[in-house]
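Model the full structure from these sequences, guided by the hints.
The listed protein sequences derive, respectively, from chains A and B. So the number in our numbering is just where the residue sits in the first sequence, counting from 1, plus 377. So the number in our numbering is just where the residue sits in the second sequence, counting from 1, plus 4.
Please note that a few of the clues may not be correct.
[Claimed, not checked] Pair ranges (Cβ atoms, derived):
1) 180(B) / 554(A): 37 to 43 Å
2) 525(A) / 180(B): 19 to 25 Å
3) 529(A) / 61(B): 45 to 51 Å
None of these hints come from the bench; they were simulated from the model. Idealized CB from N, CA, C, for every residue including glycine.
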Amino acid sequence: MELKYILESLLFSAQKPLNAKELRDVLAAAAGADEAEATAQSLAKLKENDLIAALEQLAHEHEAAARSYRLACVAGSWQFVTQPEYAPWLKALVGIKARPPRLSQPALETLAIISYRQPITRAEVEQIRGVNVDGTMQTLMERGLVEAVGRAEVVGRPPTYGTTAMFLEYFGLRGLEDLPAADELRRIVVEKPPGPVTAEPGLATTPPEQLALQSAAPEPGEGGKPEAGS
Amino acid sequence: MAEYKVQFEVFEGPLDLLLYLIKKEEVDIYEVNLTKLATQFIEYIDLMRQFDLEIAGEFLVMASTLMYIKSRELLPVDQQVAVEGEEEGEDPRWELIRQLVEYKKFKDAAARLQLLEAEQENIFPRLPGKLEFESVAPPPKPEVSIFDLLHAVSGVLQRFNQRENLGEIFEDKWTVSEKIEFVLRMVSERGGVRFAELFAGAASRAEVICTFLALLELIRLRRLVCVQPEDFGEIEISRADPAVAVGVPPAVEGGILPPGNASGIPANPEISTDSPPGGTPGSTAGETSAATETRQS
Chain A
378 MELKYILESL LFSAQKPLNA KELRDVLAAA AGADEAEATA QSLAKLKEND
428 LIAALEQLAH EHEAAARSYR LACVAGSWQF VTQPEYAPWL KALVGIKARP
478 PRLSQPALET LAIISYRQPI TRAEVEQIRG VNVDGTMQTL MERGLVEAVG
528 RAEVVGRPPT YGTTAMFLEY FGLRGLEDLP AADELRRIVV EKPPGPVTAE
578 PGLATTPPEQ LALQSAAPEP GEGGKPEAGS
Chain B
5 MAEYKVQFEV FEGPLDLLLY LIKKEEVDIY EVNLTKLATQ FIEYIDLMRQ
55 FDLEIAGEFL VMASTLMYIK SRELLPVDQQ VAVEGEEEGE DPRWELIRQL
105 VEYKKFKDAA ARLQLLEAEQ ENIFPRLPGK LEFESVAPPP KPEVSIFDLL
155 HAVSGVLQRF NQRENLGEIF EDKWTVSEKI EFVLRMVSER GGVRFAELFA
205 GAASRAEVIC TFLALLELIR LRRLVCVQPE DFGEIEISRA DPAVAVGVPP
255 AVEGGILPPG NASGIPANPE ISTDSPPGGT PGSTAGETSA ATETRQS
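Below, the structure written as structure tokens:
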């Protein structure tokens with residue numbers, strides 16, 4: 378019996394997604410049973426890495442067989458799931474999945490920044506988005522997708538934020554390295570293009586030697602006070 | 005004009021608006037003419053004002069940055085004054101473009117996350133039903149009385165009897181509400197915990213007592229249930245059926261058994277004979293233990 382098929386049988390019957398450690402515990406328990414045979418005993422002291430390799434191989438086999446279901450790893454735990462294209466029939470069978478409402482555009486943008494750049498402070502998120510993120514951060518924390526993970530070693534020691542395991546589950550990701558284009562976005566180094574970016578210098582005439590600073594005439598004033606629309 | 009009206013709702017901020025303007029020009033971000041962009045940006049802000057929309061402060065900051073860039077462009081390079089506090093060679097145009105490129109990448113990443121989010125709605129996990137024989141195997145779990153809990157906690161406290169008289173003074177740093185969170189977190193992470201596990205990390209009597217009080221409170225609130233799978237065995241704590249916790253208003257507490265969590269009770273009322281005879285619970289434990297109420301019924 379091959380390890381991967383033993384694991385397959387376990388995951389097929391498991392009540393919940395199992396991670397490598399839990400699977401290893403099961404293997405160890407099976408080896409400890411009285412009537413344990415040689416195969417079971419040989420699998421007692423397996424490394425988690427070997428287990429994961431076997432699981433990945435199994436997942437590849439299912440993928441290659443192009444069945445209606447596949448073996449998925451979400452947040453480190455393995456589980457059989459159906460392929461998305463069969464959703465119409467599954468919805469008829471079990472009903473629509475109970476899921477929180479979809480995230481808004483600002484929430485998704487904020488979440489994207491946090492997920493690729495964690496740990497990150499609120500101010501850094503705001504710098505990238507160019508807008509205040511207090512409200513969206515609040516929503517993301519309430520939904521359990523983001524949490525405070527520590528404090529930045531800068532003045533004021535502001536809290537830093539990171540994503541939670543629930544974030545991975547919500548998007549069906551195996552881990553943070555599974556995020557799309559992870560290596561590119563983790564730390565973007567934007568190359569400065571050579572040469573000036575826009576217009577050439579020398580547009581204006583040389584200013585006079587000394588600018589006679591008159592008493593500054595009052596500026597027209599940009600709109601005055603922002604009046605609430607009446 | 006009509007086109008603008010629709011678009012306003014969509015912009016998440018000044019960077020979003022700038023990206024939209026650049027896209028409309030159909031040019032690469034690196035080759036955009038910032039002077040022209042500044043003019044368009046300010047036109048938009050004027051338009052927002054005409055529509056009586058409240059303009060967020062961020063838009064005004066961006067407008068001033070663009071004006072600054074535009075004004076610098078009017079001077080030949082050799083005449084430009086280095087602004088105090090700004091690094092030599094730091095080009096505000098470059099800074100803005102860098103910011104735009106970065107924002108654009110994360111906006112694209114957000115779009116990919118959105119796709120993943122939508123896809124997840126269509127993926128169904130295999131959830132096998134409980135295997136048949138499994139429900140026969142474990143014996144019906146008797147509920148635990150307040151005395152069982154007290155007995156168990158005194159066992160834990162004995163650990164501290166020996167070392168408590170060292171004359172050390174501990175800071176009172178534990179609160180019951182903190183411990184309530186701790187207990188809930190532990191139970192929800194593992195699905196269920198054994199009694200001793202709750203106290204494994206406790207460093208002093210005071211901490212054990214805080215944790216214990218938290219446990220009692222959670223049982224009273226019907227958030228948790230305690231069971232003892234075998235006589236004199238370890239007490240196990242698990243989450244109560246959420247429907248019960250919500251469905252029973254506190255006023256009902258007076259010995260009426262809620263219908264929901266009575267998983268194994270009706271079968272065998274004699275199961276809790278190992279605990280002391282139930283003469284006293286009404287006086288001492290009436291409000292502390294849901295399990296006690298169970299026994300009274």
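Hint check results:
1. For the pair residue 180(B) and residue 554(A), the beta carbons lie near 41 Å from each other, so the given range of 37 to 43 Å is met.
2. The hint said 19 to 25 Å for the Cβ distance between residue 525(A) and residue 180(B), and at roughly 23 Å that hint holds.
3. Restraint check, residue 529(A) to residue 61(B): a C-beta distance of roughly 24 Å breaks the suggested window 45 to 51 Å.
Checked against the numbered hints above, the structure violates only hint 3.
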